[in-house]
Amino acid sequence: TQLLEQSPQFLSIQEGENLTVYCNSSSVFSSLQWYRQEPGEGPVLLVTVVTGGEVKKLKRLTFQFGDARKDSSLHITAAQPGDTGLYLCAGAGSNYQLIWGAGTKLIIKP
Amino acid sequence: NAGVTQTPKFQVLKTGQSMTLQCAQDMNHNSMYWYRQDPGMGLRLIYYSASEGTTDKGEVPNGYNVSRLNKREFSLRLESAAPSQTSVYFCASSEAAARAGYEQYFGPGTRLTVT
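Keeping their order, the protein sequence lines are chains A and B.
Per our numbering, the first sequence starts with residue 1, numbered consecutively.
Per our numbering, the second sequence starts with residue 1, numbered consecutively.
Check the hints yourself; a few may be wrong.
To be verified - Partial pick of chain B residues on the chain A-facing surface, computed with a CB cut under 7 Å:
1. S31
2. M41
3. G42
4. L45
5. A98
6. F106
7. P108
8. G109
What the hints assert, rightly or not - With a Cα cut of at most 30 Å, we get these calculated DSS-like pairs of lysine-lysine:
9. K9(B) x K105(A)
10. K9(B) x K57(B)
11. K59(A) x K105(A)
12. K57(A) x K105(A)
13. K70(A) x K57(B)
14. K56(A) x K70(A)
15. K105(A) x K57(B)
16. K105(A) x K56(A)
17. K71(B) x K57(B)
Hints in this document: simulated from the structure, not taken from any laboratory.
Source: prediction; values computed, not measured.
Every residue, glycine too, gets a C-beta built ideally from N, C-alpha and C.
Isolated chain B (complex conformation):
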């Protein structure tokens, strides 16, 4: 039982390049999330997927796209990377809605630098 896995762990991109961050969970969770974490700003939600087949924008969706490939996998794509997207990206999953108090389980993160 690996929990939430993310690939890659580190990535350096040049401005304008594209890439996809992969995330998978093996806990049979319904909901999945993508966050970015910047110093002094806590976690900011980029996109989430309440259930398989649905995706919704979070607080900071501009410059990103997501795909809920199946119940296990939720990918985040940067189409044209910008230096402002330099950050640590976390994928998380939960059994159901945050409003019901469900815990979110996090992956180890992807450290992305855009030069």
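Same shape as in the complex, but just chain A:
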């Protein structure tokens, strides 16, 4: 069974600080996606990483896929209150299924 462990589960920091969220597995994934979910809404895709070692940047967010395609990280620089939300990683498992991490609830205090 493929599993994705996400850490930390909860993070509360001050505006302007940096943070990193991790997504780890013992399984290899063909691709990995990061989603962000706001209260009362469904998840929305932030990025897809496909190649081992790949780094993608989305404004202040930096996503990295591990060389072995078993892990990924999300780094936020100078966090802002608008970054508050639930961050979910999801690895492409069998043909049509995504394997989901449990999520990191992020709160950025002004």
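Go by the hints and put chain B onto chain A.
Frame of chain A, contents of chain B only:
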């Protein structure tokens, strides 16, 4: 272009009652999914439909049935609701297989409470 729509948004059932959650997408996607989301457990796949006319079990299918009515619509039925089915249910759609890296688009969710 509404994306993925779900009805109802909220529902309270008594144990043993049945109900159908409706989902529709207007993006001409081939694949559709039903998930449940519980605190601390992320998203768990209940059933999916890779293409019109096909359905397959996901991680937690017990107590649920699905129907892919046409390419646009994918419904989830609870035949005899149990308190363990209290959850937030999300429908999602994608152009094709997750393995190919296709994004999944989610509806706003149905918040179901079973008493």
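These are the hints, each one checked on the structure:
Checking S31(B) against chain A: minimum C-beta separation of about 6 Å stays under 7 Å; hint holds. Annotation: interface hint on M41(B) holds; nearest CB of chain A at approximately 6 Å, less than 7 Å. The interface hint given for G42(B) holds, since its Cβ lies 4 Å from the closest Cβ of chain A, which is under the 7 Å cut-off. The beta carbon of L45(B) comes within 6 Å of a beta carbon in chain A, closer than 7 Å, and the hint placing it at the interface holds.
A least Cβ separation of about 5 Å between A98(B) and chain A falls short of the 7 Å threshold, and the interface hint therefore holds. Because the closest C-beta pair between F106(B) and chain A is about 3 Å apart, less than 7 Å, the hint holds. Annotation: interface hint on P108(B) holds; nearest CB of chain A at approximately 6 Å, less than 7 Å. Below 7 Å, beta-carbon pairs count as interface contacts, and G109(B) has one with chain A at about 6 Å; its hint therefore holds.
A hinted pair counts as satisfied when its Cα atoms are at most 30 Å apart, and K9(B) with K105(A) qualifies at roughly 23 Å. The hinted pair formed by K9(B) and K57(B) meets the criterion: a straight-line CA distance of about 24 Å does not exceed 30 Å. For the given pair, K59(A) sits about 20 Å from K105(A) by alpha-carbon distance, which is consistent with the 30 Å threshold. Restraint check: the Cα-Cα separation between K57(A) and K105(A) comes to about 21 Å, which is no more than 30 Å; the hinted pair holds.
Annotation: proposed proximity of K70(A) to K57(B) holds, straight-line Cα distance about 25 Å (limit 30 Å). A distance of roughly 17 Å separates the Cα atoms of K56(A) and K70(A); the hinted pair therefore holds under the 30 Å criterion. Taking the CA atoms of K105(A) and K57(B), the gap is about 29 Å. The hint holds against a cut of 30 Å. Between K105(A) and K56(A) the CA atoms are separated by roughly 22 Å; this keeps the pair inside 30 Å, and the hint holds.
Simply put, K71(B) and K57(B) have alpha-carbon atoms about 18 Å apart, close enough for the 30 Å limit, and the pair holds.
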